[in-house]
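Chemist: Below are the chains, spelled out letter by letter.
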Amino acid sequence: MMNEDTRRTIRLPHAGIVLLMGPSNSGKSTLLARLVEEGVLLQTEVVSSDQFRMLVGDDVYIDWRGRPKHEADILYNDYQRISEQAFAAMETILRMRGGLGKLSVVDATHLYPDDRRKYIDLAHRLDLPVVVVALDVPEEALLKRDAGRAEPRGKQRVKQQAHQFKRTVRGLKEEGFDSVYILKDAQLPELRFERRSNPLLKEIGPGIDIIGDIHGCWDEMIELIGKLGYVPGEEGLYLHPEGRKLVSVGDVMSRGPQSIRTMMFWQQHVEAGAAYMVDSNHGWKIARYLSGRDVSLSHGDERVADELAQLAQEHGSEAASQWRQRMSHFLLEAPSHLVFTKNGVRHVVVAHAGIRDEAIGKQSKRISDFCRYGDTDGFDAAGKPVRKEWYAHHNTGELIVWGHDPRVQPAVVNHTINIDQGVVFGGQLTAYRYPEKAFVSVQAARDYSEAADNPLKEWARRRFSPPNLRRLIEGYSVVTDSYGEVEVRGEFVKAAIDTVSHFTVPIEELLYIPPTMSPPAVSEDEAYLEHPREAFAYYRAQGVQTMVAEKKHMGSRAILTIYKDEAAAIPYIGYPSAGSIYTRTGRAFFPNQMEHKVLGQLQQDLRTSEYFERYDTDILVLDAEILPWNLKAKELIAAQYAHVAEAAMLDRTKLLVKLKEAQAAGREVGDWIEEGERKLANAETFGQAFQYYCWDVDELEGVRIASFHILAHGGETFFDRTHVWHMEHARELAGCSKLFMETEYRVITDAASEEEAIAWWAEMTETGHEGIVVKPEFYRTRNGSKLVQPALKVRGRRYLHIIYGMDYLEPDNLKRLKQRKTRKKEKHALLEFALGMEGIERFVRKDSVERMHECVLAALALESDPVDPRL
Amino acid sequence: MHLIIRAEGTDARAVSYLLAKNPNNLYDRDEKGVRVRLVYTVCTDDEVEAVLYATPDPVDLVKGSPDSYDITQYINDREFVVSSLFCTYIRSALGTALNGKTKEEYLPWVTHSFPFTLSFGPVASNLPDAIVEQLFEPLGYKVELERGVADYSFELKSRSSVRYVTLRGEVTLQQALRQLLILIPVLDDYKHHYVGQDEIDKLARYGEGWLDPHPLRELILKRSLRFSNIIAQFEARLRREAALSPVNADDGTDGQSMADGEPQTDGEPRMGEEPQTEEQPKIRLNELRYQAITNLVSGLDAKRTIVDYGSGEGKLAARLSSVEGVAEVLAVEPSAMSQLRAIERFDKLADHGQKVVPTPVTGSLFYYDETLRGKDVIVLCEVIEHIDAPRLNKVMDTVLNEYRPQTLIVTTPNREYNAVYEMDQSMRHNDHRFEWTRGEFADACDRWRTSGYTVEMQGIGEEVAGLGQPTQMAVFSRREEREQR
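Those protein sequences? They're chains G and E, same order as listed.
Residue numbers are given in the numbering used here: position 547 of the first sequence equals residue 650, and the series is strictly consecutive.
Residue numbers are given in the numbering used here: position 412 of the second sequence equals residue 1616, and the series is strictly consecutive.
What the hints contain is simulated information worked out from the structure, not anything from laboratory work.
Built from N, CA and C at the ideal position, the CB exists for glycine as well.
Among the hints, erroneous ones may be present.
[To be verified] Facing chain E, a subset of chain G residues (Cβ under 8 Å, in silico):
{"hint": "1", "residue": "Gln-413"}
{"hint": "2", "residue": "Arg-770"}
{"hint": "3", "residue": "Gly-773"}
{"hint": "4", "residue": "Trp-775"}
{"hint": "5", "residue": "Ile-861"}
[Unchecked claim] Straight-line alpha carbon distances no greater than 30 Å define the calculated BS3-like cross-link-like pairs of lysine-lysine that follow:
{"hint": "6", "chain 1": "E", "residue 1": "Lys-1236", "chain 2": "G", "residue 2": "Lys-700"}
{"hint": "7", "chain 1": "E", "residue 1": "Lys-1598", "chain 2": "G", "residue 2": "Lys-757"}
{"hint": "8", "chain 1": "G", "residue 1": "Lys-841", "chain 2": "E", "residue 2": "Lys-1361"}
{"hint": "9", "chain 1": "G", "residue 1": "Lys-763", "chain 2": "E", "residue 2": "Lys-1236"}
{"hint": "10", "chain 1": "G", "residue 1": "Lys-737", "chain 2": "E", "residue 2": "Lys-1346"}
[What the hints assert, rightly or not] Under 8 Å between C-beta atoms, here's a sample of chain G residues computed to sit facing chain E:
{"hint": "11", "residue": "Ala-250"}
{"hint": "12", "residue": "Gly-251"}
{"hint": "13", "residue": "Pro-255"}
{"hint": "14", "residue": "Gly-257"}
{"hint": "15", "residue": "Met-752"}
{"hint": "16", "residue": "Lys-761"}
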């Protein structure tokens, strides 16, 4: 009987809540002290009401007996209040510990169902197991122990508690505990206590290969694991020479041709410890079917039943029944998800349809459902679940790998990867290798599903479909790779939709809205509003060592898409096109004819210089400034800038003549004249300033396109390159076509190059050029995990006259203007930067128009949120 | 912005008495943050010249303006040109001269006419030189206009958009100033404030004696008061005063209240349902279109649910909602501005107890909206011609293949008919991306027509032989439904 192996063992969960239950003196604290001593529990895992009474009320117990009534009342009341606070504090701590996935053992009497109920509810809310351990001690023993205590509770109370214990312990099993242990006092010494480890945690070891939804596509699966280096061994097991393990995201069966064989494969490999498989929607359905539940089979599940019937026919019903039992057991036991760790740290989470961050590493019915079906938001008109984007909220850092929802390409979003590429629908079977972070895939031999609603075909058909308005119009969020989630509000989305409906180029050609750009903090130099020094300081503070300063052109912003030939556009936008040129707000840059000419010329020049061949691309997307300013802004210049200059010159010239006459007549107007002269000079400066950016053009003659960001080639973006690379590439383009021009730039690495760049800026801006744009060395730069401003513009003193008015440098004006705030502008710059890159990435990936447009529309929506336009 | 008042002749010095400004002192005041200064360049017995100028704060000028997020706000001619703002700034400097309540001894000069030279500017006006001259010549002035300098390094404009005005004539100082305070804002055609009782008062007071017989009176009223209801108020007041003379300027109305609270618009024609070039026939044509569509819908079996796509200000949707048997009208429109007007219209319908009132829906033909599926009728009334032709095929694909209404009604202009209008532009509306002949429209409809639909072509409006009717209408009907009946 005392043999170690035969002692009854109580297994406490790895996390959750364990309630101890029993009257005072039943030995709860003694048991816990023993478990701590044995190393089963940590001292910090034990929480007791006494402990919290001490913490909040300095005393465990207040004795009110034997006091005069009015004193007893007060003391009793004190005791109640302390209890109340102690329990509240304890509950808070339990919730916190539970949220962190910790185990807490609660040491209190818990004699009433209501006492226990709140912990059961709490555990369910936290998706954690809850266990009760009840200590059943005879009344005589209790009384005896109480008598021996320093502060006895008294006979009456002990009897009452013992009685209550007996009454309540009977219904314990129905209260909703995951486990109930009722331990007789005498048994205790013979019991062994143990902690379970978290069954969801697995070591990555030499590596894992996670396989997407297989759906009975046996041939493709065998081909894939062959490619991954697994070789069949003696017992029919495919093992990896390096000890890597296979992981299935579930849905290994249904829809496809060889479900039974595939299920067998996984069952054997999991049993042998060579593979893991998580639960899934089809897996769960089949599990219940195999275990004899009454379920209706559809969505390809019926094919499993057909195979099973055939198995019975070929091998007899006995064999089929055995198989049935084995498989149902295997499937029912499949964990909701698995967490793969390395050095005790969570690296990868595998869940079939996804998982919420707070559920990672936990188990409950609710979590199982979520992992099987994802974040469903009801059903659409056709009865299919509408999926919500759970991955938008993922921010705990683990990589979540999932399947379930077939995508044409592995979808990498916000540190989550979807690897269901719809092999059963004629797509691909994908494996994701970790820690290599590499994809390996096998093309399906054919579409096995024979489904009318093939999601891949549906996706291809819908790729160019108009975006779903209802999903966008009340505000939405885009999950970007660079920034995470970007939210836009309905009111601004509506304004953006209005713009898109009236003014922009077609939605599928609207790839990118250039992000807004902030100036740096205002200059400390009292003669300047903006100065490069503040821009350099910003980047240095962000840990950027190398910067690039580019000459800022004063023209009109343009996004150019140039296709190699008209047919090359079809895979990108769905119809033939030479390309498009649009403004920063998405409107066509040129009238039709002119656009045609510009694109035709660019296409021809790029083809002649074999650009498309050299880069093996059929498309070139550029972010550029098109000069001169008057090409696009002639009306604005005439009606605003020139008009104001003329008015100011006329006014100030005439006035100055008269003031001088007055002075000649002996009036004391010296100050007025001085002011007048200064202001006349301001007006002259202003009148000259905008003319630097204007010249006459004749058709294409005089038009210059200064590209500064090479946004995309076919299947490729350049957001990981340096700005020097982008500048050099622009220089190369300038060599290809007369329409392109290169942009001067400087690289700043130290104090000397900083000074040199400042001198360059000062000289350039004094002759009237707009200024410079300072950028970090790399296109996409982070400080820690935070994105830094992609660029800061530093405009010249002279240029700013056309922004802040001709008298902005008057000391009093400048002082007030220096109070300007750039925070919102900076925030928008980052969000729009992230959206811009995301949209282009989706475009080159040939993602759906809707997915690309949600980025563009969000950027337009941010642009409709007013920000001081002078910044 | 400045004004130079110059008088010559033997009595010239009296002008300085009337101005009530000592020639030896500088006048330098702050008028609500605007610096107003006056200085004499000369003041002798036979020659007086006073220069009056205002310097607004450029930063203050744009504060609180409704379009304060317009990039051009700091590049603003308001800081330089003479305007109603200028008149406001200088009014108190010229107070005595304007009200004529000068010292007893100078009173005779109030009614004395001096040979004045009045120079002011710069003026930003859209009125041609001839009209500017006609504004002042009937008042006895010789008018000299001078343009600003517009010399640019590139081709920008043929002449400057600012002018400088010099007037010469014999008038009393009071009269001259009153005329300027009315006519400078008329020239400028830009108001910095709401038009209200103040403007009516000012016009009545300063216009007394010269405005009524002015040949351009109507223009002056229109540019001063802008809104017909305010002009009507002004006229009524003049009639009242004529009947009740002597005049009491304070007639008990609240001078602060705004006539109708309607904010000043910049006079830009509103983009709406009315094409610009056919004012007379157009209004009738709109009406005819609404009638035609309403009649057509009334005659349909399936008409419970209707979508008016591109509903604008909701006129047609309002009509359709009153059709017997219609239970729901969705007025779908992307423009928030138009939709606000539509909402007002629909609210009125509800107030009048109409049972079915259209529901305003923000929507756009370039997006997919599942809530528009399976309706009985979708109407695209004068909508498609606002869509670039390349985008239109996809739009029609969404409507016919996704929304699949029982009936789709599409109207669009008939380009052939434009010959009737003798238009001086190629299309009926600036925003039209195309206008089609009957043949082109029929071809397009045939292209769009997808499985299950038949299409029938009709016309709306007065027919002209060989040219057809001004509006063409296509009615797509779902065939299966018919066969089932």
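Chemist: Against each hint, give a clear statement of whether it holds in the structure.
Modeler: Hints, one by one, checked against the model:
1. Because the smallest distance between the Cβ of G/Gln-413 and any Cβ of chain E comes to about 41 Å, over 8 Å, the interface hint for this residue is violated.
2. With its C-beta approaching chain E no nearer than about 5 Å, G/Arg-770 sits inside the 8 Å limit, and its interface hint holds.
3. About 11 Å separates the beta-carbon of G/Gly-773 from the nearest beta-carbon of chain E, more than 8 Å, and the hint is not met.
4. Among the interface hints, the one on G/Trp-775 holds; its C-beta lies about 7 Å from the nearest C-beta in chain E, closer than the 8 Å criterion.
5. Residue-level restraint check for G/Ile-861 is violated (minimum Cβ-Cβ distance to chain E is 26 Å; threshold 8 Å).
6. Restraint check for E/Lys-1236 and G/Lys-700: the C-alpha separation of about 55 Å exceeds 30 Å, so the hint is violated.
7. For the given pair, E/Lys-1598 sits about 61 Å from G/Lys-757 by alpha-carbon distance, which is inconsistent with the 30 Å threshold.
8. At most 30 Å may separate the alpha-carbon atoms for a hinted pair to count; G/Lys-841 and E/Lys-1361 meet this at roughly 29 Å.
9. At most 30 Å may separate the alpha-carbon atoms for a hinted pair to count; G/Lys-763 and E/Lys-1236 meet this at roughly 27 Å.
10. Restraint check for G/Lys-737 and E/Lys-1346: the C-alpha separation of about 36 Å exceeds 30 Å, so the hint is violated.
11. Residue-level restraint check for G/Ala-250 is violated (minimum Cβ-Cβ distance to chain E is 76 Å; threshold 8 Å).
12. Given the 8 Å rule on beta carbons, the hint for G/Gly-251 is violated: about 75 Å separates it from the nearest Cβ of chain E.
13. Hint status for G/Pro-255: violated, given a least beta-carbon distance of 73 Å to chain E, over 8 Å.
14. A distance limit of 8 Å between C-beta atoms decides the matter here; for G/Gly-257 the minimum to chain E is near 71 Å, and the interface restraint is violated.
15. Taking 8 Å as the C-beta cut-off, the interface hint given for G/Met-752 holds, the closest approach to chain E being about 6 Å.
16. A cut of 8 Å between beta carbons decides the hint on G/Lys-761: the least distance to chain E is about 5 Å, and the hint holds.
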